[in-house]
Structures are given as C-alpha cells and as structure tokens.
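> As a plain string of letters, each chain reads:
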Amino acid sequence: MKKEWPVWEVFIRSKNGLEHRHCGSVHASDADMAMENARDVYTRRQEGVSIWVVETKHITASNPAENGEFFEPAKDKAYRHPTFYELPIDLKHM
Amino acid sequence: MEKSIAELEAQFQARIDRGESIEPKDWMPEKYRKTHIRQISQHANSEIVGMLPEANWITRAPTLRRKTALLAKVQDEAGHGLYLYSATETLGISRDEMYEKLHSGKAKYSSIFNYPTLTWADMGAVGWLVDGAAIINQVPLTRTSFGPYARAMVRVCKEESFHQRQGYEIMLTLCKGTEVQKAMAQDALNRWWWPSLMMFGPPDAESTHTAQSMIWKLKRKTNDELRQLFVDITKPQADILGLTIPDPDLKWNEETGHYDFGEIDWSEFWQVVKGHGPMNKQRLAARNKAWDDGEWVRDAALAYADKQEAMKEEKQELKKVG
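Line by line, the protein sequences give chains A and B. Residue 27 in my numbering sits at position 27 of the first sequence, with consecutive numbering throughout. Residue 175 in my numbering sits at position 175 of the second sequence, with consecutive numbering throughout.
The reader is advised that the hints may include incorrect statements.
What the hints assert, rightly or not - Derived DSBU-like pairs: lysine-lysine, alpha-carbon spacing no greater than 30 Å straight-line:
#: 1; chain 1: B; residue 1: 34; chain 2: A; residue 2: 92
#: 2; chain 1: B; residue 1: 312; chain 2: A; residue 2: 2
#: 3; chain 1: B; residue 1: 101; chain 2: B; residue 2: 158
#: 4; chain 1: A; residue 1: 57; chain 2: B; residue 2: 319
#: 5; chain 1: B; residue 1: 67; chain 2: A; residue 2: 92
#: 6; chain 1: B; residue 1: 221; chain 2: A; residue 2: 15
#: 7; chain 1: A; residue 1: 57; chain 2: B; residue 2: 315
#: 8; chain 1: B; residue 1: 67; chain 2: A; residue 2: 75
#: 9; chain 1: A; residue 1: 77; chain 2: B; residue 2: 158
#: 10; chain 1: B; residue 1: 25; chain 2: A; residue 2: 57
#: 11; chain 1: A; residue 1: 92; chain 2: B; residue 2: 221
#: 12; chain 1: A; residue 1: 77; chain 2: B; residue 2: 176
#: 13; chain 1: B; residue 1: 34; chain 2: A; residue 2: 15
#: 14; chain 1: B; residue 1: 315; chain 2: A; residue 2: 3
#: 15; chain 1: B; residue 1: 25; chain 2: A; residue 2: 15
#: 16; chain 1: B; residue 1: 217; chain 2: B; residue 2: 3
#: 17; chain 1: A; residue 1: 2; chain 2: B; residue 2: 319
Keep in mind the hints are simulated off the structure, nothing from the lab.
When you get a sec, could you build the whole thing from the sequences and use the hints?
Right, dumping it as structure tokens:
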C-alpha cells in the first residue's frame with residue numbers, strides 16, 4: 001500500500017514584532033522534518049526569524065459555502081464603527 | 001560556553017534599545033517576564049471588570065440606538081480582555097491562574113471601575129473620559145517591546161475609538177437637551193473628572209515602576225506627562241459641550257502652552273486601590289458570581305467533548321472488529 005507523508009501548514013514570522021503568517025505547506029514524516037523542510041522551502045532568502053508548522057489535519061477551517069450565514073451577525077452593526085457617531089467638526093482628538 | 005546572566009541581560013536590553021521586539025520564545029530576564037505577566041493580566045482584568053459599570057445600564061438605555069451601541073461597546077471590552085489574556089498566556093501563566101488571582105483579590109484592575117454608574121449620563125462620561133484616558137494610556141503600548149502585547153494593543157486601539165465617540169455623543173445630546181438633562185451631564189462630569197485623572201497613576205515622583213517600565217518601553221511617557229496631555233485634549237472638548245470641569249484651578253498657561261490644574265486627592269486614589277472604593281466589594285462579588293454560576297456550563301461542554309471523543313473511538317473499534 002502506498003504511504004504518503006502527511007501535509008503540514010507553514011507559518012512564518014518575517015521579523016520580531018510581526019505575527020506569523022501562513023505561507024504554504026510541506027510534506028514531512030514528522031514535526032522535525034516538517035520544520036527543516038519548511039526552512040528549506042520557504043526561507044532560503046532569510047524570509048523569516050521564526051517558523052510554526054502544524055499538521056493540516058489539526059486545522060479546523062470555516063466553510064466558504066456557509067460564509068453568508070456564518071459572518072452575517074456582524075453585517076448589520078454599523079454602530080460598531082466610529083463613523084456611525086455624529087460629532088461636531090470643531091471637536092479635536094477623537 | 002554558557003553566557004552569564006549579566007551578558008544575556010545586556011544583549012536583551014540592547015535589542016530593546018534598538019527597537020527590536022521580544023517574542024515569547026526569546027530569552028528574557030525573569031523580572032521582565034513577571035512584570036509583563038502582572039501588567040498585561042491586570043490590563044485584561046480591567047477590560048473584564050470594566051464591563052460591569054456599563055452593563056448596569058444596558059437594560060435601561062433610553063433608545064434602541066443607545067442600547068445597541070452600549071452592547072457593542074461591552075462586547076468589545078470582553079474581546080479586549082480575551083486578546084490580553086491570550087497575550088499573557090504566551091508568557092507561561094494559565095488562564096485559570098489569572099482568573100483565580102482576579103477572583104481572590106490578589107490581582108488588580110483599574111481603580112476607575114470601583115466607582116458606581118449612578119445615572120444614564122455616566123454612560124456618556126465614562127465613554128468620553130474613561131475611554132479617552134484609556135486611549136491615551138494605550139496608544140504608546142502599540143509600540144511596546146513585547147510583541148504579543150503590542151499586537152493586541154493595535155487591535156484594541158483600532159476598536160476603541162468608537163467607544164469614546166459614542167460616549168461623547170451621549171454627552172452632546174444631553175447638553176443640547178433640557179436643563180435637567182444638561183445638569184445630569186454636568187453631574188456626571190463632576191463625579192468622573194478626578195477619578196479619570198487618577199487613571200494615569202501616581203505622580204512621577206512617587207511612581208515606583210516608571211523607571212524600569214520606560215527602559216522596557218512598557219511606558220514611553222511618564223504618568224504626569226500623559227495626565228497633562230489628557231487635560232490639554234479634554235478641556236476644549238468640555239467647552240464644546242458647554243460644561244465646566246470641576247476644578248477652579250484649571251486655566252490656560254501662556255508660558256508653558258498647557259493647562260494648569262489643581263491638586264489631585266491622592267489619599268482617595270490609594271484608598272480605592274487598597275480595596276476601599278465605593279464599589280470594590282460589589283465588583284469582585286459580581287466576577288466571582290459569574291465564574292461560579294458558569295461552572296456547570298464549563299463542565300457540561302467538556303463532558304460533551306469527552307463523550308463525542310469516546311463515541312468516535314467506539315466507532316473505530318467496531319470498524320476494526322467488523
């Protein structure tokens with residue numbers, strides 16, 4: 001039977017102070033190999049100072065087909081935005 | 001060869017001085033870790049306890065518009081508490097430990113929330129003054145040295161601006177209303193003004209943490225500098241409302257280019273910090289009640305998850321047997 005190495009998602013912090021960002025995935029037999037593969041594939045030009053790898057099967061993703069109802073609660077809440085409030089133009093620093 | 005602690009600390013400080021961020025897995029002095037756990041968790045606690053004085057008015061907001069805005073503000077505060085607890089957890093303290101410290105009274109939160117919200121106008125004054133002061137305290141923290149704290153503060157500050165605007169709008173509406181409504185607004189300003197000035201902490205001469213916090217960029221301006229900035233920004237805003245700041249010594253100083261203002265009653269501040277403010281007992285009791293009443297929900301969710309896991313395993317077993 002054919003055995004395929006699992007997929008790992010790769011997140012890279014380009015410099016301290018910034019968050020890790022998803023940049024792609026690698027195949028590897030374990031976490032250590034995934035780490036080295038991620039380094040070799042995604043940071044050949046010093047693109048990062050920190051890498052996270054997480055096996056893809058551990059990620060729970062939202063379903064784009066359900067985006068409508070899933071994100072609906074925030075849709076009609078204009079009052080969560082500062083521009084909703086009417087204030088005098090001579091008011092400063094707010 | 002192993003580097004000595006002194007060498008590591010010197011390198012660490014040099015990184016901060018160069019403007020580099022410190023991330024959770026980086027080496028850091030124990031004191032840096034402890035101070036950050038204390039400050040960020042207290043900040044989180046303040047967001048959570050800060051929901052209580054406003055929650056007091058959600059059911060009695062005068063219009064649907066005001067009610068939805070206030071609900072959204074209180075929801076944001078819950079969210080801000082969560083961002084900050086998460087940032088603190090990266091330093092190796094658990095969520096439960098932080099809650100335990102808050103609930104037992106060992107950990108602090110901002111003293112301002114130990115004052116009562118007596119009238120609807122307090123929702124205006126809290127948004128305008130308390131959130132205004134919080135923004136002035138928080139903006140410099142978007143560039144603090146600890147990465148997770150700085151990133152949490154970027155989100156918080158972005159969301160915070162609506163809080164202050166909705167508060168000011170409440171004040172503006174009251175001040176354009178009847179004499180009684182305007183008097184309500186003035187009364188709220190009278191009660192919240194001095195506690196708001198105290199939010200910046202003790203005067204520089206008595207502030208024990210300031211020097212170390214400046215070195216770590218946990219503070220970029222001193223308590224007194226930030227307080228002055230708040231007074232300078234807020235006085236013209238009170239003028240637009242036609243309200244009087246309750247300080248006979250408050251006046252523009254041509255020479256300094258700032259407003260002079262009167263003495264703060266620091267004995268009141270310390271009394272509230274030590275637990276003897278008007279609402280300290282009620283606030284902690286409300287937090288403890290919420291935690292205790294929620295216990296069955298937390299347990300039920302875990303029990304459900306365990307059950308699902310067990311059923312999944314059972315199915316797999318059956319498949320193997322089959």
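> It remains to establish, for every hint, whether it holds in the given structure.
Going down the list of hints, with the structure as the test:
1. 34/B <-> 92/A: violated, 38 Å
2. 312/B <-> 2/A: Distance ~26 Å between residue 312/B and residue 2/A Cα, so the pair holds.
3. 101/B <-> 158/B: holds, 29 Å
4. 57/A <-> 319/B: This hinted pair holds, its Cα atoms lying about 21 Å apart.
5. 67/B <-> 92/A: holds, 26 Å
6. 221/B <-> 15/A: Satisfied, since the Cα-Cα distance of roughly 26 Å is no more than 30 Å.
7. 57/A <-> 315/B: holds, 19 Å
8. 67/B <-> 75/A: At roughly 18 Å apart (the allowed maximum being 30 Å), residue 75/A and residue 67/B satisfy the hint.
9. 77/A <-> 158/B: holds, 16 Å
10. 25/B <-> 57/A: Given that 30 Å is the threshold and the Cα spacing comes to 25 Å, the pair holds.
11. 92/A <-> 221/B: holds, 21 Å
12. 77/A <-> 176/B: holds, 26 Å
13. 34/B <-> 15/A: Holds. Residue 34/B to residue 15/A sits at ~24 Å (cutoff 30 Å).
14. 315/B <-> 3/A: holds, 24 Å
15. 25/B <-> 15/A: With a Cα-Cα distance of about 14 Å, the restraint between residue 25/B and residue 15/A holds, given a limit of 30 Å.
16. 217/B <-> 3/B: The given pair, whose Cα atoms are some 25 Å apart, holds under the 30 Å limit.
17. 2/A <-> 319/B: holds, 21 Å
Checked against the numbered hints given earlier, this structure breaks only hint 1.
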